[in-house]
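So the chains spell out like this:
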Amino acid sequence: MTSVAHDHHHAPASPSGLRKFTAPGWYRVLWTTPLVGLIGLGIVGLIRSAAGWDPVWKSGPLATVGTVSFPMGLLIGLGGFDFWTYYASGKKTRPESHDGHGATSWKDYFRINTDHKVIGIQYTVTTMFFFVVSGLMALLFRAELAKPGDQYFNPQTFNILVTEHAILMILLVIIPAFAGLGNIVIPLMIGASDMAFPKLNALSYWLLPIAGITFMAGMFAPGGGPSAGWTCYAPLCAHQPMGNIFFNMAVQWGGASSIMTALNFLVTIITMRAPGMTFWRMPLLVWANFSTSLLVVLATPFIAGSQFFELFDRVMHTNFFEASGGGYVLGYQHIFWFYSHPAVYIMLLPGFGIISEVIAVMSRKPIFGYRLMALSLLAILVLGFSVWAHHMYVAGMAGWLRVPMMASTLLIAVPTGIKIFSWLATMWNGKINFNTPMLWATGFIATFVIGGLSGVWLGAVSIDIPVSSTYFIVAHIHYVLFGGSVFTIFTGIYYWYPKVTGRMYNEKLGKLHFWMTFIGFNATFFPMHYLGTQGMPRRVADYAPRFHDLNAFASIASYFLGASTAIFLFNMIWSWTKGEVVGSNPWRAMTLEWQVSSPPPIFNFEEVPQIVGGPYEFGVPGARHAILGSAQAEPVATGGH
Amino acid sequence: MTRGSIFKLLAYAVVAGAVTTAVAVLIPWLPTAATRQADRMWFSIWFAEIIAIVVFAVVAAVLVYCVVEFRAKPGDLSDGPPTHGHTMLEIIWTAIPTVLVVAITIVAAIVIHDNGKAGANPLVVKVITQQFTYQFEYPNGKTYDILRLPKDRNVKLDLSSKDVIHSFWVPAFGEKSDAVPGISTSIVITPTRTGYYPVICTQLCGLGHALMRSEAIVLEQAAFDTWYTSADAAPAPAAGGDDGKTIYTTAGCGACHTFTAAGSAGKIGPSLDNLSSAAAKAGQSLDDFISSSITDPDSSLAAGYAKGVMPSTYKTSISGTQLDSLVKYLAENTK
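Protein chains in written order, with our numbering: chain A, 1 to 641; chain B, 1001 to 1335.
Check the hints yourself; a few may be wrong.
[As the list claims (entries may be wrong)] Below, computed lysine to aspartate or glutamate pairings styled on DMTMM-like, alpha-carbon distance capped at 20 angstroms: (1) B:K1073 - A:E507; (2) B:K1162 - A:E507; (3) A:K431 - B:D1076; (4) B:K1315 - A:E322; (5) A:K58 - B:E1090; (6) B:K1151 - B:D1076.
Source of the hints: derived by calculation from the structure; they are not laboratory data.
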């Protein structure tokens, strides 16, 4: 850290006495949460008793309002709205002291913090917490699935575990993990001192644990948890126990968090690039987050709508999706997938960006076909909006619609193929350093090609029909979202670990983690293709005895896969304090985040950097990506020096 | 590239292709097709399979080649050659995949077009689904809980649902469709092999989803005709089937409940063998208890069973006289 940055930084003075309870923080949370929460419930009771409805305290409306009012109380207590409330009410806002910035103790990670690097860590650690929780859920139901018949869980509990595992992995792990990594590196990569809207950034993080807790609270709701699968199809969902209200509402919190972060990324990337950083000089991760954020902003409102309509059907007796009331059941699926297919690219494009960074740096070569790589991201973005109904080939929608949906779906294989071929061409003739991040990136290509090819199959109507809703789909989605997304998240975590902590992770444990995951992953999920084509449907606690052997094998493999996560966690925690101290640029990368100290100074750059070239000019004599002020670390020398 | 490296790369590709082909061919991935539609679908799968094997072999070969050949030696801090791209190469790997996916699209489109044709005189069977049973209604108005089909005749299955989304799938038939409340969906199949096949619901439809199964039996046309016209086929409930046991079977009670008298052993709901004590516990007469438990299932729950599991649709889907005879049947045969 530079001394200049230190001068800006004043740790907030801890308030004492009763002031503790009025200043933003957890003491204030203690009373604002029950207060605002109960006010919400009280309003429900008042309206119902005024209208003469019986019973006055009805669980459905109470859960609907409570899942808004209690979290709002929490956010008010934490101080999420202080600035805007002061501003809107004409009160004098606190002068910007930057006291919301940076972290000097662990407590700084548990408050509204406006520093993008702190928020990035908050995001990443939260997602890893939920990764472990929903991974353990998977291990629980894999235990049930090791044998046919009912062993440990009744069908209700089994369905709850499956539903929670999927929705948490998607909304609380993969999507926000990229928001976390992006938060840490995007402002650094473009030479900005922070995100465009730091207060919004802090708020969008805090919506995330709220979403996670609401999803999990639903498991314990009276009557039973969300058990209609993560797709929560109407009309089943509206007729399931009350836990599904928590599900519908938690999606709103997670979705709002996603939209706010994406908006922040968009404005940051468009307006805050350092001088000289044209769009064609942006690192590919920045391109990827730009495309992803466009997808999030445009698509996420659709899943919010689908969940609200479903909730209204249940609580207000509207008939959006109730056939008996004139509703259109398939309408739910159309709206749901209009988000949830683009969501697949929301979960993949940032990973593509990470892989591009790592492969170029570790192969010591410029990325092959940079412009086509950037354009292919935009192609996926545009095509991604025209393919949603390929999830509905057997759903009973208009038959003709399947053909155009198939054509656009299969066309997405073209830009995706371009990316894979370009990564391979980047590695070709390189000087490849096979450290942990590169190992993960290579493993990603191997597994993602399998997921991509089975995706082409599923895009073709006549191949999809026999295998849809079977274990083939379970295999495919895990090859794409685990072998794809999660592998890229691990790639990113290992790659930027020395930047965030200033220390190197343990290389041996990193490689062990990779190999255990790679083997465990393939052993768990590859046999599921076969189970699917042979006739095992998904989302069943019980199955035909002839599928026993492969299921038992997959269950054992899944425990091996689960064990690899323990090694990862140990490595991360141990290395944070005990790892080898490394300089600012252990990978000899050219992008800007590696040109500042590790961990980076509190306001990132002492002077605004000047961008003078592309981000991956390895091997080009004398080439530089950026020129920084003298106090900063020297840019890495390239080829031949 | 030297001649040696090209040879090596080719060798990797051949090995990767051979291994993938072996996995594809030696493992019996697909059930033996039992309909003409499945034959066409399996053809499209193999068409895409060959393309997938070639693509996978190329990618795997290049990847393995890079991993083996382009490793930096320890301590080597130099950079690779500054290649920024190659326009021709990029055009090629944009164009070839485009051609391949267009080919797959065309093949798949032709297959589903052909599979959608029901021909001039199909046998139309209504598949009526509800939690967690299938009923198959034939043109003669009779309803069965097992699907019997003649070999080599086009069959059109019209799917409907009384409650939530279900689906109809026989793996060896290839075709599959959801049964959606409020709309009608259909599939066409032409069975080509006699035998017994499982009917599977693939759409999560509630707690009994894993047990929502039936059976399809494909018979020779003559055998089918004999069965179809025989007198001992079970009468449909709509056609005056007010006998309690028939209603118990056709309304699907047995899918979830154990009831010794009817020979059902469902495990989703409570057993119906000891209703008297349950009625006493609820403080109702046996008849009232059974009747209200059918029409308003949540009014009195057996210990350990959750609300909202049993469909609440029976109060409308069973007529008053049918309800009476069902109650009578249950009351007479329970303890």
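Quick one: which hint numbers does this structure break? Sort them smallest to largest. 2, 5 and 6
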